[in-house]
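S.K.: Dock chain B against the given chain A, drawing on the hints supplied.
There are 2 protein chains.
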Amino acid sequence: MNKTALNKAVLSLRKSIGRDKVITDPYMLDQFSRDETSDISEFPAIVVRATSVTDVSKTLAICSKYNIPAIPRGAGTGVTGGAIPVKHGLVLSVEQMNNIIEIDKENMFAVVEPGVITKTLQDAALEHGLMYPPDPASLDSCSIGGNLAEGAGGPRAVKYGTTKDYVTGLEFVLPNGAVINTGGKIVKNATGYNFIGILVGSEGTLAVITKIYLKLIPAPPAVIDLLIPFDSIDKALNIVPLLLQNRIIPSTIEFMEEDAIKLVKEFLKEEIPFGNAGAHLLIQIDGDSEDDLMKDLDRLNNLINTKYEIIAANTKIQKERLWKTRRSIRESIKNASSIFFGEDTVVPRSKVPVFIKDIKTYLNTESLRSIIYGHAGDGNVHINILKGDMNIEKWNKLVPKIKKYIFKKAIFYGGTLTGEHGIGLTKKNYLNLAVSKEGIELSKRIKAAFDPNSILNPGKIF
Amino acid sequence: MNKTALNKAVLSLRKSIGRDKVITDPYMLDQFSRDETSDISEFPAIVVRATSVTDVSKTLAICSKYNIPAIPRGAGTGVTGGAIPVKHGLVLSVEQMNNIIEIDKENMFAVVEPGVITKTLQDAALEHGLMYPPDPASLDSCSIGGNLAEGAGGPRAVKYGTTKDYVTGLEFVLPNGAVINTGGKIVKNATGYNFIGILVGSEGTLAVITKIYLKLIPAPPAVIDLLIPFDSIDKALNIVPLLLQNRIIPSTIEFMEEDAIKLVKEFLKEEIPFGNAGAHLLIQIDGDSEDDLMKDLDRLNNLINTKYEIIAANTKIQKERLWKTRRSIRESIKNASSIFFGEDTVVPRSKVPVFIKDIKTYLNTESLRSIIYGHAGDGNVHINILKGDMNIEKWNKLVPKIKKYIFKKAIFYGGTLTGEHGIGLTKKNYLNLAVSKEGIELSKRIKAAFDPNSILNPGKIF
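Taken in sequence, the protein lines are chains A and B.
Reminder that position 6 of the first sequence reads as 6 in my numbering, one-by-one numbering, no gaps.
Reminder that position 5 of the second sequence reads as 5 in my numbering, one-by-one numbering, no gaps.
Just so you know, the hints here were simulated from the structure itself, not pulled from any lab data.
These numbers come from a predicted model, not from an experiment.
Hints should not be assumed to be uniformly reliable.
Which copy? The list can't say, so a pair holds if one copy fits it or any two copies do.
To be verified - Computed list of lysine-lysine pairs in DSBU-like fashion (alpha-carbon distance at most 35 angstroms, straight line):
1. K408 <-> K428
2. K105 <-> K409
3. K357 <-> K265
4. K295 <-> K105
5. K409 <-> K211
6. K159 <-> K211
7. K58 <-> K409
8. K357 <-> K105
9. K15 <-> K87
10. K58 <-> K404
11. K357 <-> K215
Bound-form chain A, shown alone (with noise of 0.2 angstroms):
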C-alpha cells in the first residue's frame, strides 16, 4: 500500500465523512482485522464507520481514486475470511447502518439497514405477526447485509428456502461511489437484469448493500420440536424423503451422528436426552394450530419406525432441553481440540448417508476424529475434523488433503463445496473443483463488470 496515498485518502475521507466515522488508531483497528474464521487475521489500514449511503458512496469514491482496497463488513461473524482485511486496506463497516427503516404489515414487507442484526429484525416482524425465515447459527450476532453476501441459509432452509428467497429489492453502492436501486416491496419482477440476482452469494466484492427490501410472510401460530432416536444414522436420514413425500414439511430437520453426540456427552458431563442412539434427528413443525400439529405428529409417528420413544417439546423450557445437545456441539468441539476445521459440504438430500460414509471411513484411516451433524432436509452437511493429539506438522500437511477429498466426494455426489457459509479466503483455492475454467473466468468478467480497478474485497472467492 502507498503509504502517502493512504495519508491523502484519510485527509479526504475526514473531510467528507466526518472525522469521528474515520479510524486510524491502531487498537480500534484490531478489533476489525479477523471475523469468526479461525487462524486468519490481517490488519486493516484505515476503517471506516458509515452511518448513510452518502457515507459509503463517498468513501468508495475515494478508494478508487487512491485505489486502496475497500472490504465491506456487517458483524464480522462469517467463518470463511470474507471481511478479513485482505492487503491492509480499508475496513467499510455497515454495523452502525442498523435501522429498521419499515415493517410494512399490509404488504409483508420489512425495509432495513444492512448492519440490523438478524434476530432483532425477527423479533420486530413477530410484533406484526410476521416472520423472517432464514435462521443462520448466528443470527443474534450476525447482520442482515454479511446474510445476504454469503447467501445465508440455516435450519429453516428445508421449508422456507434462505436468504436470496426472501430479497425484492436493493440499494446498492458501486465501486466508483454510484448509487443504484433495484426492485421494491414486489414479489415479481422482469424488468431487466435482476441485480439481486447477482449480488446475493457475492461475498462483498461486486457492490457494498446500503439498504434491502425482505419478503416477510405470516408467523406460524403454532410450533412443535421433536427429538427423534434412531439405531444408526442411516435409518435416521431414510425417514426425511418419506416425510417430504407426505407432504410433513417440517420447518427444520436437524442431524447429528453419533460420534457428534458421543462428543457433546463427553463434554457436558451428564446424561443427555438419548446419549446412546446411534443418530438424532431435531425437527421442528410449524403450522396454523396445535390441532393440525398433532395431526401431523400422528401421520409422523405413523412413517416412523424407530424403538425409541419421541419426546415432543412445547415449551421453552422443553425446548432448550431439546437442542441442548445440538448447541452444544460446538463448544465441545472446541473443548476436544483446539485445532480443528469445518465444512459445510452440500449434496443431493438422498446421497446423504452414503457421503458421510465415505468421509468417516476416510478419516478413520488417517485416525482423525470426525463430528459430522447439519441440515438433514435440504442435504446441507457440517463435517468438523479435530486435530486432537496429532503432531501439528503431519495436520498441516494433511489437512488440505482432507478438504480436497471432501469436496471431490461432495462434487462426486452431485453436491458442492458450500451450501451457506461461502467461499472467501479458506476455499478459494477449491473452487476450481465445483467451478470450471471458463466458469472461473467468466467470474473475473462479472466482476469486472462491477469493480474494475478491483477495488472492492479482491482476492476473495476467486
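M.R.: Here is chain B on its own, set in the frame of chain A:
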C-alpha cells in the same frame, strides 16, 4: 448482414451440426419471424434447430466467428418481442431439445432440456405426486427455457413464487461456445457467483440455457376454486391483505374489474355468473385434505363481507364454468378491438386499488376503453387498452404517451414496468424510467462480461 459471411456460416453450420438442422428455406424461415407479440416481425437469415448442447455450442461459435446475431428461441410464445430476430440474424431454436431427462422423486427435482413445454413437465411431475408450481397463462404452449429467459410468473406466484424460485442448476453456453455447469439437485449453494440469479430473466441476451435443474414440491392433494363477487374493485382488493395476514395463503388470487366483466358478457352473449358485479375475485386454495380446505373456507367466509353468494368449485366442470369469464378476457379484447396493447405492470399489493383508479381516470379523459385484470396477491396488474374506433394516427401518437403514464404511475407507487413478461423490444424505450443511467450502464457491462461481441439477442432490453 455481410452476405459472404452468411454463406460461409451456413456452409460451416451444415458441415458441423448436420444439413437437416440448418434451415434457409424462406417458407420455413417465416415461422420464426415472429412470436406472440402483435405487430412485430422480422425475417431471420438462418434458423438452426439444435438437438443437443453440442449443436448449441457449435452454432454459437460459428455465429461468433462470422459476427452473426444469434437469437435463442423456445416455443415463441413471448409477448414483448424477445424472440424476434432483429438484424436478420440466426434464430437458434431449442424447441427440439425437449427431453425430460429425469424426474427424481426421492430428491424432488426435475432435470429437463429447455424445449420442454411447461405443462408437459407439470404432468410428468404430477405422475410422481409432485408439482412444478410456476404457471404462466401460456403453460400449454410455452417452454421452460422461455420461462427462464423471461422470468415467467403466473397466478400461483402469490403462494409459490416465480420461475426463479425453482431453478437450482443450469448447463449454459456462452456466445463463444464454452459450456458451463452450475448448481444441481441442491437447494442450498454459496459456491461462487450465482450465475442462475443473473441468467434467469436475462431474456436470452447473456447465454443459451441447455439443461435445467428444477426443484419440485409435493403436489397438494386437495384444491378448491372460489368465485367471489363484490360491488367494487376496491372492496374486492381490500380482502387480499386480510386473507394473507390471517394465514389463508391462496395459491391464486385473480381479480377482474367491472369493465372486464362487462366486456366478456358482451362477447360471450350469454349470462355469466355475477355478470352485474363490480368486481370478481377468483381464489384457488390448496391443501392437505378436503377437511383442511373446508376449515379455510369457513375462516374466509367470516373474513369476507360481500352481499353476494360465494361459488365454490371442486369438480372439473364446475371449475371450468367458474374460470370461463377470466379465461375469455383475452379473446373478448381481441374481438372488441383488433388493435390494442397490454402491459403487466406490478405495484405493491396495497397500491393496486389506487393505481387502477388513476389509470381509469386518465384513460377516461382520452375516451379510451381499458380492461384491467391480474394477480391481486402479488400486485401484478394486467392493463389492456383498446383502440376501439379511435383514428389510427391519433392512436399511434397516443400509445407511447399512455405507456409512459402507466409506467410512471407504477414506479410512483413503488412498482415497476413488468412483473413476468420481460422488457424485450416493446418496453426497451421505457426501461430508463425504472432503471437509472448507472443501472443501464452496469447492465451493459454485465452483458459484455457474458457476450463481449454482442452476438446474443442484440438490441433487446436496452
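S.K.: Now tell me if each hint is right for this structure.
M.R.: Status of the hints after comparison with the structure:
Taking the closest pair of Cα atoms, K408 and K428 come within 35 angstroms of each other only inside a single copy of the chain (14 angstroms); across copies the shortest separation is 44 angstroms, beyond that limit. In this assembly of identical chains, the alpha carbons of K105 and K409 lie at most 35 angstroms apart only when taken from different copies (23 angstroms versus 45 angstroms within one copy). Taking the shortest Cα distances, K357 and K265 sit within 35 angstroms of each other inside one copy (22 angstroms), while across copies they are farther apart (66 angstroms). Taking the shortest Cα distances, K295 and K105 sit within 35 angstroms of each other both inside one copy (30 angstroms) and across copies (25 angstroms).
In this homomeric assembly, K409 and K211 come within 35 angstroms of each other (Cα to Cα) only across copies, at 23 angstroms, whereas the closest approach inside a single copy is 39 angstroms. In this homomeric assembly, K159 and K211 come within 35 angstroms of each other (Cα to Cα) both inside a single copy, at 26 angstroms, and across copies, at 25 angstroms. In this assembly of identical chains, the alpha carbons of K58 and K409 lie at most 35 angstroms apart only when taken from different copies (32 angstroms versus 45 angstroms within one copy). For a Cα distance limit of 35 angstroms, the shortest separation of K357 from K105 across copies, 23 angstroms, qualifies, whereas the shortest one inside one copy, 47 angstroms, does not.
Taking CA atoms no more than 35 angstroms apart as the test, K15 paired with K87 passes inside one copy only; the shortest distance there is 24 angstroms, against 52 angstroms between copies. For a Cα distance limit of 35 angstroms, the shortest separation of K58 from K404 across copies, 34 angstroms, qualifies, whereas the shortest one inside one copy, 42 angstroms, does not. When the C-alpha separation of K357 and K215 is checked against a cutoff of 35 angstroms, the pair qualifies only between copies, where the shortest distance is 26 angstroms, while the shortest distance within a copy is 39 angstroms.
Violated hints are absent here; each numbered hint is respected by the structure.
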